[in-house]
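Enquirer: Work out the full structure, taking the sequences as your base and the hints as a guide.
There are 2 protein chains.
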Amino acid sequence: MSKAESENNVEIGLTVKKSQNLSEWYQQVILKSKMADYSPVGGCMIFLPWSFSIWERIREWLDARLRRLGHENAYFPLFIPESLLKRESEHFAGFTPEVAWVQAEGDASEERLAIRPTSETIMYHMYSKWIRSYRDLPLLLNQWNNVVRWEFKSTRLFLRTREFLWQEGHTAHASKEEADTEVRTILGIYQELARDLLALPSLAGLKSEGEKFAGALYTTTFEMLMPDGRALQAGTSHGLGQNFAKAFDIQYLTKEQRKEYVWQTSWGISTRLIGALVMVHGDDRGLVLPPAVAPIQIIIVPIYYSPERSKEVNEYSLKVLQKLNKSFRIKIDDREDKTPGWKYNEWELKGVPLRLEVGPRDIEKQQVIFVRRDTNDKKEKQAVAFQDIEERAESVLGDIQSKLLKKAEDFLKAETRGASSYEEFRRIIEQNAGFVVCSWCGEVECEREISSDTGATVRLIPFEDSAPTAETCFHCNRRATKLAYFARSY
Amino acid sequence: MSKAESENNVEIGLTVKKSQNLSEWYQQVILKSKMADYSPVGGCMIFLPWSFSIWERIREWLDARLRRLGHENAYFPLFIPESLLKRESEHFAGFTPEVAWVQAEGDASEERLAIRPTSETIMYHMYSKWIRSYRDLPLLLNQWNNVVRWEFKSTRLFLRTREFLWQEGHTAHASKEEADTEVRTILGIYQELARDLLALPSLAGLKSEGEKFAGALYTTTFEMLMPDGRALQAGTSHGLGQNFAKAFDIQYLTKEQRKEYVWQTSWGISTRLIGALVMVHGDDRGLVLPPAVAPIQIIIVPIYYSPERSKEVNEYSLKVLQKLNKSFRIKIDDREDKTPGWKYNEWELKGVPLRLEVGPRDIEKQQVIFVRRDTNDKKEKQAVAFQDIEERAESVLGDIQSKLLKKAEDFLKAETRGASSYEEFRRIIEQNAGFVVCSWCGEVECEREISSDTGATVRLIPFEDSAPTAETCFHCNRRATKLAYFARSY
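These protein sequences, in sequence, are chains Z and G. Heads up: the first sequence is residues 1 to 490, going by our numbering. Heads up: the second sequence is residues 1 to 490, going by our numbering.
Read the hints as simulated data drawn from the structure, not as lab findings. Virtual Cβ for every residue (Gly too), placed ideally from N, Cα, C. There could be a bad hint or two in this list.
Pair ranges (Cβ atoms, derived) [unchecked claim]:
no.: 1; chain 1: Z; residue 1: Ser402; chain 2: G; residue 2: Lys176; range: 50 to 56 angstroms
no.: 2; chain 1: Z; residue 1: Ala383; chain 2: G; residue 2: Arg135; range: 30 to 36 angstroms
no.: 3; chain 1: Z; residue 1: Ala470; chain 2: G; residue 2: Asp334; range: 52 to 58 angstroms
Within a straight-line C-alpha distance of at most 30 angstroms, the following computed DSSO-like cross-link-like pairs (lysine-lysine) qualify [claimed, not checked]:
no.: 4; chain 1: G; residue 1: Lys338; chain 2: Z; residue 2: Lys259
no.: 5; chain 1: Z; residue 1: Lys32; chain 2: G; residue 2: Lys259
no.: 6; chain 1: G; residue 1: Lys255; chain 2: Z; residue 2: Lys311
no.: 7; chain 1: G; residue 1: Lys259; chain 2: Z; residue 2: Lys338
no.: 8; chain 1: Z; residue 1: Lys153; chain 2: G; residue 2: Lys129
no.: 9; chain 1: Z; residue 1: Lys403; chain 2: Z; residue 2: Lys32
no.: 10; chain 1: G; residue 1: Lys407; chain 2: G; residue 2: Lys331
no.: 11; chain 1: G; residue 1: Lys331; chain 2: G; residue 2: Lys32
no.: 12; chain 1: Z; residue 1: Lys129; chain 2: G; residue 2: Lys17
no.: 13; chain 1: Z; residue 1: Lys246; chain 2: G; residue 2: Lys32
no.: 14; chain 1: Z; residue 1: Lys32; chain 2: G; residue 2: Lys129
no.: 15; chain 1: G; residue 1: Lys176; chain 2: G; residue 2: Lys129
no.: 16; chain 1: G; residue 1: Lys338; chain 2: Z; residue 2: Lys129
no.: 17; chain 1: Z; residue 1: Lys343; chain 2: Z; residue 2: Lys319
no.: 18; chain 1: Z; residue 1: Lys32; chain 2: Z; residue 2: Lys407
no.: 19; chain 1: Z; residue 1: Lys246; chain 2: G; residue 2: Lys34
no.: 20; chain 1: Z; residue 1: Lys17; chain 2: G; residue 2: Lys129
no.: 21; chain 1: G; residue 1: Lys406; chain 2: G; residue 2: Lys482
no.: 22; chain 1: G; residue 1: Lys319; chain 2: G; residue 2: Lys381
no.: 23; chain 1: Z; residue 1: Lys86; chain 2: G; residue 2: Lys34
no.: 24; chain 1: G; residue 1: Lys343; chain 2: Z; residue 2: Lys129
no.: 25; chain 1: Z; residue 1: Lys326; chain 2: G; residue 2: Lys326
no.: 26; chain 1: G; residue 1: Lys311; chain 2: G; residue 2: Lys365
no.: 27; chain 1: Z; residue 1: Lys338; chain 2: G; residue 2: Lys255
no.: 28; chain 1: Z; residue 1: Lys338; chain 2: Z; residue 2: Lys319
no.: 29; chain 1: Z; residue 1: Lys331; chain 2: G; residue 2: Lys129
no.: 30; chain 1: G; residue 1: Lys246; chain 2: Z; residue 2: Lys34
no.: 31; chain 1: G; residue 1: Lys365; chain 2: G; residue 2: Lys319
no.: 32; chain 1: Z; residue 1: Lys129; chain 2: G; residue 2: Lys153
no.: 33; chain 1: G; residue 1: Lys403; chain 2: G; residue 2: Lys323
no.: 34; chain 1: G; residue 1: Lys381; chain 2: G; residue 2: Lys365
no.: 35; chain 1: G; residue 1: Lys34; chain 2: Z; residue 2: Lys129
no.: 36; chain 1: G; residue 1: Lys34; chain 2: Z; residue 2: Lys176
no.: 37; chain 1: Z; residue 1: Lys176; chain 2: Z; residue 2: Lys212
no.: 38; chain 1: Z; residue 1: Lys176; chain 2: G; residue 2: Lys331
no.: 39; chain 1: Z; residue 1: Lys32; chain 2: G; residue 2: Lys255
no.: 40; chain 1: Z; residue 1: Lys259; chain 2: G; residue 2: Lys343
Expert: Printed below as a string of structure tokens:
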């Protein structure tokens, strides 16, 4: 390796280990893999193709699932008049501090316009015009858009930015039962998306009263665990009850000609999922992308040895590509100004799941060298006969996908602990050791005390098996009413 | 038809003919077909699924074409600091009056933030950081997003709204030739999209100096003709030269280690195309959607006659559906509270290209009745044997697609006229009669005079055969230098 080249490697490589400084590692891996960059506006970010194409795959997967259940995509305006945002008082109180307001040049209208932090109010204003009869129900709309929440907490690429991309589904139903089913169906789909596409396991449950969505009857959530033991709220699905229906007067005529308020739900996942993907799977060499969402699943690196042999190596590489490009997202890195070693480092940094090395010796043996991204041993290389590469690529990529999930599941399981006393609880939390499951009273005040003392909040109350295992609350000694999963969180 | 039902029909049907009042017809057809609705914020609109899914099809088609040419999708922030927007002075002067500015609640930063009216400035600020060497070129990024231009002209659904959806491509190249090729390649793809997907013919050419994009070296455009003889700018592709490269200092190192400015292009199409689709193809009964973009291509309407036969009719309808739903977007309208006649009217209003009627007699004859949306005669019905329906649906839909295009092409051709004197020109323009082709001097001042006198502007200067046919300008008698297509426009 030449001097210039080793400098190049330093420039693109990570200068910090994941285990040493997760936060610095996280930022470096995102910037250096060219997933994203900072915007000149503080707290905003640029989604480069390497992350945006992951978002497109998430969208495609979810759209197909939602469509099958009868949901349709629409687009509602960015601007919400202040009077609409105020209509549901809890909702307004919850969002106001983070709202960015617009003044149009030379505009005479008196009312300020909010840039949507979420679209309940503008959508439900329309729902009250559109919904007349039971025949108009259920109304199942979804939109993919950008929202703005002017965060004053410190921001972090993907995980907390002032503008982010998400989808927000908003449904209206004739009965509470139907709405409740929708809330849980969607949450299940979200968990499936995370698990099957992103190889990210999660825990699902109810939010506590203190943590539920502003204006909701109840909030369900799915939560992930990051390597530093902090939880990440990966997405939420809200039962809105009739709160917004009453504030926006969304009534329908039943078959029996009675007027009733609709039952509503809203739910969303965001580009934050990409942040979780980076944190959970990445390692000291960079990103590790699950094959199901990797923009490039297989990278072919030709090894020329000598200029004389480069033509035949390129031809063989092309043969390999052609055998695989119907089934896989695959590319040849035939840049002539970079050495194979440089390329290995770059594609490892970018997290491509499988590398194929192709040199003159491999042509002679009619084989291809397979190198997996997910194993820690850089030298674990396997020679695969040319006629077997398609089948082997399929099985290796499948194996990477399931091993990434398995590893994350094991971590989640290992880092979920019970605590029977507040002391034990506090010791675990202070070691940044994941979820702590406790028998809890369910009181807002109790949660507030725990939170201000330890930084941990109730992440979820499980849907099933939520009966407390002790009689009294681990913290306040009131009667315990449920199990709760506590953690510090992003 | 019962009284209630005929009232229902009045409610959903159009109350004005397209030829009587195009503007009122246009608004009614969009609102009543449930393509869109007005937002409570003036000049903003809601894209309902019936139009949004057309936008999704446009996106899918264009993304596939752009990807094949090496373009990648990204996402840049909504907010642009005022100092960046000002960097290229012509650009800033062109957009300032329409910019909406943001003030974040409690934010201490002094600089105002613009909501993007277009993203040149924020993107090129980043390009100057990312582009270092010839190896980084060409840089081919595209994004699909929302932009805001605070129009003070009267707005119109899809055609002119304060927020709209579009894609904006932004490329950087090593040479002017390569950039010029990109500009024209994209314009060609846009015309192909309009023609093949939307059945909309267009004319392409250069914009005059007075009409080019603020900050561009030159602008190319494709223009359509609406039924009232007004032109519609359907999309543009700009050669930016090195104007922005110099303002934003985007330089690269050539192979020979020289520093040079890049050559840039930008280009976009918007949801305005959906407005053109409505205007050009619609008729007095409502929308007429080209099969290639229709959300539903075929609607099956079961005709029950009597409750006893409804089961067998539903079964037969399902058999028809199952034979067709692998190849077509198809649906059965089995609502029990609507008559067939009511359903016919509604699906005609919504522009579904092909209706299949299925009744007890058709079961006996093992046939299906085909009714095309694009013919004016409501009674033109064809009986098709069950075993032939797939093949026939294919050919009928293909025929509808090409006939819609043909009709629009004929109109465009018929409404494009030459004029050799200013009097003749003015007479044609005042009759709202489409494009007028004249030998023109090319002077900004001359165009301004014509525009303030007649409301017509230069829509385009053809790429080929653009030599003037007369020696002097039809208006100012200066030397004619080119042919120009004039029209009043949206």
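Enquirer: Which hints, by number, does the structure contradict?
Expert: none
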